[in-house]
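Colleague: Residues per chain are reported as follows:
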Amino acid sequence: MSWGAALRAALIALLLALVLRPDWFEPLFAPAAPAGGPVIYERASLLSLSLSHLGLVALASGAATLVAVTLAVLVTRPAGAAFRPLSRTITNIGQTFPPVAVLALAVPALGFGAGPTLVALFLYGLLPIFENAVTGLSSLPPSAMEAARGIGLNRRQRLFQVELPLALPVILTGIRLSVVIALGTATIGSTVAARTLGEVIIAGLLTNNTAYVLQGGLIVGLFAVLIYDALVQLERRLARRLGVAG
Amino acid sequence: MIEIDAITKVYDGTPAVDAVSLTVETGTITAIVGTSGSGKTTLLRMINRLVEPSSGEVRINGEPTTGLPKVTLRRRIGYAIQGHGLFPHHSVARNIGAVPRLLGWPRDEIRARVDELLELFSMPPDAFRDRYPGELSGGQQQRVGVARALASRPDMILMDEPFGALDPIIRTRAQEDLKRIQQALGSTILIVTHDMEEAIQLGDKVAVMDAGKLVQYAAPAEIIAKPATEFVAEMVGGVDRPLKMLSLVPVSEIVEEGAVDGPAIGAETSLRDALSTCLWSGRDALRVEREGRVVGHVTLAAIRARAEAHR
Ligand SMILES: Nc1ncnc2c1ncn2[C@@H]1O[C@H](COP(=O)(O)OP(=O)(O)O)[C@@H](O)[C@H]1O
Ligand SMILES: [Mg+2]
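So the protein sequences, as listed, match chains A and B. So for the first sequence, my numbering puts the first residue at 463; every next one is plus one. So for the second sequence, my numbering puts the first residue at 81; every next one is plus one.
For reference, chain B alone in the conformation it holds in the complex (with noise of 0.2 Å):
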């Protein structure tokens, strides 16, 4: 658990964060959404403390973050920072093991771990391991820079725009890598967007910041349904506002008995985009497997329905 309590940074008479106190629960995803100025990379940075808190303080698992020499604080917490920062003299495979090798981990197991974590990033290692930060394009190296993060296996995870600059495709598929990896290991993590889209997407709690505030901090489905402030609704976005909603609901929530003709779609999938196959397939209804069994079938009034709910 992650307790920032009452965190100021003034610069230069101006606070970049002002006040803000939030609780990340351990096992979570916390997303960070604000536009550029907004102080998410500065709240971000005050926890691993590059940054010193002009006033208040953060505790992990109760314990003050000022308990700890700098540097073992920061090795227990992955960071991957806003445009990668990879060394460029070092290669992919030193890069991504940097951490564990500060941590005096034996060589092989350091070597495995970042085969692994290739792998894991759909970077072959054989071809990627050896090659040097400045032969590879922006999402890969940003992929190389998340994989660093992760190298060690922290328990706490910091990240600041980790995905900007993945082409949308494969920024999806980050995303989704991301919740896997975080849901097996249940590991705790901080991750900073500009893109609401993302934070609703990634997030299992939301936090918007304004202008150095905490604007509001809850569960993407109430940040979508009840947006606290006029700059929270304008980055929820008006018009596809029911559509962010649905996309937060598994088809699952709402199957009924009975199997129908026509495509499948698996009980995971988002009432979004069981929408969108109605839509395209011209159906009032699907019908829902999972695992190749069918287990009912949803209709497109059910999906309005529930999209209207939150009106």
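Just chain A, same shape as in the assembly (with noise of 0.2 Å):
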């Protein structure tokens, strides 16, 4: 086994110990908590919220992607040529906008729960993955280009037989960096009643209990490393074969 995957492993086996059993690590945690205070987040399930986080983040980053995707697909068209610097100003202004204040904007309308979160999320992830796909399908090796048309391919077989899958590690780098932004910045989905790990570290800050703060900072840095990760190998897995292409 090499270094990456044993390190790899266990990475992920702290991570299950630190959601599955918080009580192990009562020890580790206590000089961090208040004289005399709770050392372990016990108001929720570790696992529940982790849950909840992961799956947030998975619906915001899937929406954005979709969308990201989808509109790249359009202003690299000829048609859509005209609409790039519009869409490339409007998926700016998505990620320019702070989320709290996405977030503060998004109660009024949505009401506290997860909507205002999934809102900052999606808007906060569409400009990665669209700098990356329009990059990714506006340099794709012109010979497989000519080839698919030459053969008899039409517009929609060319995209999705040749183009979307030459550009997909360009695409998956994008969603890479999109997913780990939105994992950290779905904790202060917590201030507006989501259910994240961001409610263990409020929790924290609200009673002045470092413990849960690093408890529940410990556990999204550990998610983030890993799936940033696990997005990396399969980039590379793709990279490899599209790479040695001459």
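Rather than coming from a laboratory, the hints here were simulated on the basis of the structure. Treat the hints loosely; a few may be bogus.
What the hints assert, rightly or not - Here are the computed lysine to any residue pairs in the SDA-like style, where the Cα-Cα straight-line distance is at most 20 Å:
no., chain 1, residue 1, chain 2, residue 2
1, B, 150, A, 617
2, B, 150, A, 664
3, B, 150, A, 608
4, B, 150, A, 605
Using the hints, put the two chains back together into the complex; each one sits in its own frame.
Modeller: Take a look at the structure:
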């Protein structure tokens, strides 16, 4: 087993233990807890918070991927080229808007709960995916594109059988950036009552309990590292196949 | 029959192809030859409408190519693009089977056809079927590109410098294979090359292009014997013109009665190779055989006379 694989297995084990058996870590976190106060977060199961956190991220990133890739496909068609600057502006605005402001604005419309968080994560996730999809779709190998036309694939077949598969590694890089941003950003969703791991961190901040903050932060951080790593592996595998192509 | 009728393509005010007309007979190979930038690729791409002509038209069996949807037209015409153009994310089998799949062939028929073509190009199917283009040498990639063009057994095939990346020995064999396949299937082939030698070997007719214009369109022997312009003469090459001429003529054309001793050559051997054998073996005459039976002999003097006939 390589060092990388061993480290990965160790991190997965640590994450599972933190989520499923938080009481094991009581001695570790005790020094950070206020005297006589609780060390381990017990108001909600960490497992259900984790699942709900990941669910929100998956939903928002899925929707962002769908919208961003569709937009990228449209603006890379000859007929859509005119909309490229406009769509870039829109996705850029999504990125520059602070997520807290999005939450504040979305609560009156959507109420407390998961809704505003989903909107914020969605808007925040658009830009990296869109930018990468546009790059991927506009830097395809010209000879493969020429062949696709020459042997008689129609536009639709070219898009689904040649263009998107060839752009996939680059698009995946965008998705990875977006997912990792969303994993972190989702924590602030707990300020508007979305069920995320942010709940643990915020409870810690409110009660001056650093043990809670450490616990929540560590779990979110481990998720981010492991998911990032998994997506990198996937991209490598895809790119290796395409990359060795002459 | 492909009729190219006064076809022109203008890019930014300069014609890349300038009023070219030529007719390709069904079941023949036409080689388009010219220096780089002379408009060969553009001419070829106007036939399957990858490029729309600025003026002029192309007719296939009398029907203008504009009468069909582009996709239908292209699926009917085999196309081997310059520099192979394989899909890097598809296996060799999937690349070769691309057009049959588009045409809705049954799965096992596609598979059988892919194996047949790999066999034909000396690439054992078991070793190559599931590889990806990136795992092949340049020459193998190019052969897969040609196999893809042939896969659906199209009547008409366009090839853009298909043998450019092959080393000389494999190249000669690939040319022979192509000629054999073409004769067996009776397909009509337009092949682009920058190599006059290749054009002469392969073409029933040779079209020479210079700066977008068709400067000569004739049988190889005539191109060598009577080059229409300075440029064609230069392409043919001065010194070895007699040898090129001899390479077009089989021994059977000047065979004489009676057997002689020494090494034998086949009746379909070219006079150029016969001359070489004469010189190498130090003989003035060679025995000629066909399928193991003696049909006569060929003399050095006769070969020489034949070479001089075109002077
Ligand atoms: N899409 C294009 N846009 C502008 N000029 C082109 C285009 N395609 C080809 N040309 C020009 O047309 C000429 C002929 O090119 P091409 O047909 O590729 O020549 P060949 O295949 O004989 O090398 C060249 O001068 C080339 O620069
Ligand atoms: Mg060319």
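Colleague: Hints first: check each against the structure and report whether it holds.
Modeller: Here's how the hints hold up against the structure:
1. B/150 x A/617: Judged against 20 Å, a Cα distance of about 11 Å means the pair holds.
2. B/150 x A/664: violated, 62 Å
3. B/150 x A/608: Satisfied, since the Cα-Cα distance of roughly 14 Å is no more than 20 Å.
4. B/150 x A/605: holds, 19 Å
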